[in-house]
Amino acid sequence: MEKLERELKTLIVDALKLEDIAPEEIDSEEPLFNDGLGLDSIDALELGVALRKAYGIKIESVTDDVKQHFANVRSLARFIQSQRAE
Amino acid sequence: MTAIPLSCLLAVGRPDDAPVAVGVTFARFRADVAGNAARLKGCRRGLLVAADGYWGAVGLLALLHAGAEVTIPPNAQPGTLAALTADGAVPVGGDLRPGGEGMALAPLDPGTPLTFFTSGSTGEPKRVVRTLGMLEAEALATEAVLGRLAGPTARVHATVPHQHVYGLNFRLLWPLVTGRPFASAMHELWETALAALDAGSVLVTSPAHLTRLAGIAPLPPSRRPALVLSAGAPLPESAAREAAAIFGTPVTEIFGSTETGAIAHRRREAGDPSWRPLPGVVAGRTPDGRLRVGATHVEGREHVGSDLVEMAGDGGFRVLGRADRIAKVEGKRVSLPEVEAQLRRSPLVADAAVLTLEQLCAVVAPSAEGAARLADLGAFRFGRLLRRELSAVLEPAGLPRRWRFVSRLPDGALGKRRHADIAALFEEAALSEIALFETAGPRPTVPDVCAVRPLADGVELDLFIPGDLAQLDGHFPGMPIVPGVAQIDWAVMFANTHLGLGIEAAQSLQVKFRRVTVPDTLVTLALRHAPARRRLTFEYRCGDETLSSGSIGVEGIAP
Chain A
864 MEKLERELKT
874 LIVDALKLED
884 IAPEEIDSEE
894 PLFNDGLGLD
904 SIDALELGVA
914 LRKAYGIKIE
924 SVTDDVKQHF
934 ANVRSLARFI
944 QSQRAE
Chain B
223 MTAIPLSCLL
233 AVGRPDDAPV
243 AVGVTFARFR
253 ADVAGNAARL
263 KGCRRGLLVA
273 ADGYWGAVGL
283 LALLHAGAEV
293 TIPPNAQPGT
303 LAALTADGAV
313 PVGGDLRPGG
323 EGMALAPLDP
333 GTPLTFFTSG
343 STGEPKRVVR
353 TLGMLEAEAL
363 ATEAVLGRLA
373 GPTARVHATV
383 PHQHVYGLNF
393 RLLWPLVTGR
403 PFASAMHELW
413 ETALAALDAG
423 SVLVTSPAHL
433 TRLAGIAPLP
443 PSRRPALVLS
453 AGAPLPESAA
463 REAAAIFGTP
473 VTEIFGSTET
483 GAIAHRRREA
493 GDPSWRPLPG
503 VVAGRTPDGR
513 LRVGATHVEG
523 REHVGSDLVE
533 MAGDGGFRVL
543 GRADRIAKVE
553 GKRVSLPEVE
563 AQLRRSPLVA
573 DAAVLTLEQL
583 CAVVAPSAEG
593 AARLADLGAF
603 RFGRLLRREL
613 SAVLEPAGLP
623 RRWRFVSRLP
633 DGALGKRRHA
643 DIAALFEEAA
653 LSEIALFETA
663 GPRPTVPDVC
673 AVRPLADGVE
683 LDLFIPGDLA
693 QLDGHFPGMP
703 IVPGVAQIDW
713 AVMFANTHLG
723 LGIEAAQSLQ
733 VKFRRVTVPD
743 TLVTLALRHA
753 PARRRLTFEY
763 RCGDETLSSG
773 SIGVEGIAP
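Here the protein sequences come in this chain order: A and B.
Going left to right, the first sequence walks through residues 864 to 949 as our numbering numbers them.
Going left to right, the second sequence walks through residues 223 to 781 as our numbering numbers them.
Because the hints were derived from the structure by calculation, they are not lab data.
Fair warning: there could be bad hints in the mix.
To be verified - Selected chain A positions facing chain B (in silico; Cβ < 10 Å):
1) K880
2) I884
3) L902
4) D903
5) S904
6) I905
7) D906
8) A907
9) L914
10) G919
11) I920
12) K930
What the hints assert, rightly or not - Below, a list of computed lysine-lysine pairs in the DSS-like style, where the Cα atoms sit at most 25 Å apart:
13) B:K554 x A:K930
14) A:K866 x A:K916
15) A:K880 x B:K550
To be verified - Negatives, chain B to chain A, calculated, CB over 10 Å:
16) A253
17) T302
18) P335
19) L371
20) D420
21) A448
22) R737
23) R750
The structure presented is a predicted model; accordingly, all values stated were derived computationally and were not measured.
Don't be surprised by glycine CBs; every beta carbon is placed ideally from N, CA and C.
With the hints as extra help, turn the sequences into a complete structure.
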């Protein structure tokens with residue numbers, strides 16, 4: 864899980880081309896959007912692309928709480944793991 | 223279902239069980255409008271802030287039936303709303319509620335004004351007034367084109383908000399007027415948007431979404447929409463092809479503006495077709511190349527905007543670009559002067575310049591307070607802090623995504639050269655932070671000389687600029703750059719020692735800084751003395767690239 868979180872932080876920095884920040888500076892429980900890391904809706908779309916490419920998330924299995932999965936790195940990691948388990 | 227103009231939609235009505243929003247009947251819609259209109263009676267001006275599509279439609283019609291003027295704010299950011307409510311307008315959104323004792327819903331006056339905002343080139347948002355009648359005419363012109371492509375009961379889904387003219391018409395008004403049910407929720411992520419689509423539906427989306435479809439498999443027939451709409455900016459060819467493959471239908475693009483509403487369309491089957499005016503719209507070109515639009519749904523029946531166009535032989539047109547400092551970012555109009563003005567309003571910012579290099583980029587000279595925060599937070603979080611400040615007044619598209627922090631903006635009047643100087647700051651990857659406040663020993667003030675080569679008319683030196691240079695102190699930890707004044711000082715110093723000149727101060731100086739010079743690099747300094755012209759010329763290079771160059775007067779000195 865910790866490894867996946869580290870992987871996701873690197874993915875966030877790389878995929879969103881965030882400048883001036885290193886993956887390890889992102890806290891796993893820090894909100895990704897708004898007041899936390901300050902990502903926005905375009906970042907969310909980009910992150911969606913990156914997650915699909917890296918982990919092959921399938922639309923069919925996604926339900927309404929998709930937004931909660933995007934809350935922070937930890938929730939994203941849990942979501943990806945649950946997708947893998949299916 | 224027959225189209226009913228918006229002004230008499232509720233007075234004429236539809237069958238009680240006709241759908242309005244997904245899961246909402248016409249009877250309930252009428253009761254919700256009547257109840258809220260009764261509660262809003264006496265409100266003179268209302269700001270429509272409902273985030274949800276259905277309640278946006280209820281709020282809009284309730285305000286109109288209550289006899290209020292309606293303002294659609296450019297965004298729902300607190301700062302924007304505070305400015306708009308300061309002169310007495312009432313925000314209407316969260317307080318809307320179902321039913322209640324209603325008022326009679328008489329036909330509305332098509333001349334009722336509605337106020338929109340768009341990005342003006344002056345730095346202030348521009349107010350645009352359109353009437354209910356114009357919105358009605360736009361919705362009917364839309365149906366004349368799209369009615370052939372979307373079935374009469376097609377559901378309308380959206381990834382765009384209804385708070386701008388594109389979203390308002392295609393998400394809410396066109397469906398309301400033509401009796402198509404619309405989804406109330408807006409989908410920000412593809413994962414939720416695609417899960418909601420059904421066969422034959424309509425998807426109102428944008429280039430921001432359609433360019434981010436990578437990794438999505440073609441939809442099964444049970445999810446394929448009949449119509450995919452995009453507006454705001456031309457869709458890149460690759461995105462148009464990818465979208466057509468996934469949705470099973472080519473994207474239909476809409477061209478328009480806040481001032482005019484939708485005025486033209488095109489189907490992206492192949493290539494880059496010209497824009498076809500909607501029925502009732504006449505497109506032309508002014509002598510200076512701008513698009514001139516004549517239409518009943520345009521204020522004053524004619525509008526000349528800042529889009530530069532060329533006419534196609536078939537009555538259509540092609541868009542060549544903009545004639546002002548308005549940039550299109552993610553399909554949204556962004557006024558660069560406005561973003562700069564808002565940045566300068568921050569106590570953290572002394573000066574700012576904004577430009578687009580695929581993304582919106584900002585170069586900021588922090589204030590003293592800003593420099594302290596920058597040192598504390600680091601460049602990434604400081605940039606995001608400024609974004610959060612801006613987000614109180616600007617839409618997401620107007621928030622710069624790339625930042626550079628400098629002690630002073632490149633000089634010069636607004637123009638090409640300054641643009642190039644600012645753009646150059648973004649050519650290199652962001653600079654990593656360097657710990658600057660080391661305390662060990664006195665810090666160097668001059669670069670290390672690694673090599674000296676004579677030239678026919680001067681000398682060339684290879685210099686290593688150390689990262690702990692004292693001159694970097696007055697500058698910013700997130701952006702260590704070698705100040706221009708230090709470069710000039712060194713040129714004078716090395717010219718005096720290696721060429722035997724006795725320059726005391728750099729006078730009648732001409733200098734051009736092309737690229738920022740960063741510490742921890744090896745640079746080459748070429749010094750040439752032209753005694754006849756009484757000038758010393760200097761050039762700093764990194765590899766083949768000129769960093770800066772200039773000349774200094776060598777006058778009135780002893781040889």
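Taking 25 Å as the top limit, are the C-alpha atoms of A:K866 and A:K916 close enough?
This hinted pair holds, its Cα atoms lying about 18 Å apart.
Any CB of chain B closer than 10 Å to the CB of A:S904?
holds, 5 Å
Would the non-interface assignment of B:D420 survive a Cβ cutoff of 10 Å against chain A?
holds, 14 Å
Double-check A:K880 for me: the hint is only fine if its C-beta lies closer than 10 Å to a C-beta in chain B.
holds, 8 Å
Are all beta-carbon distances from B:A253 to chain A longer than 10 Å?
It holds; B:A253 is separated from chain A by about 27 Å at its closest Cβ, greater than 10 Å.
Should the hint that A:K930 touches chain B count as held when the rule is a Cβ pair under 10 Å?
holds, 7 Å
Is the claim that B:R737 lies outside the interface with chain A correct, judged by CB distances over 10 Å?
holds, 18 Å
Evaluate the condition: distance from the CB of B:P335 to the nearest CB of chain A exceeds 10 Å.
Nearest chain A Cβ is 31 Å from B:P335, so the label holds.
Report holds or violated for the interface hint on A:D906, using the least CB-CB distance to chain B and a cut-off of 10 Å.
holds, 9 Å
Mind checking the CB of A:I920 against every CB in chain B and telling me if the closest is under 10 Å?
At 7 Å from the nearest chain B Cβ, A:I920 passes the 10 Å test, so the hint holds.
If you take the shortest Cβ to Cβ gap from A:G919 to chain B, is it below 10 Å?
holds, 8 Å
For B:R750, which was marked as not at the interface, is the minimum beta-carbon distance to chain A over 10 Å?
The assertion about B:R750 holds, with a minimum of 38 Å to chain A.
No hint from the list above goes unmet by this structure.
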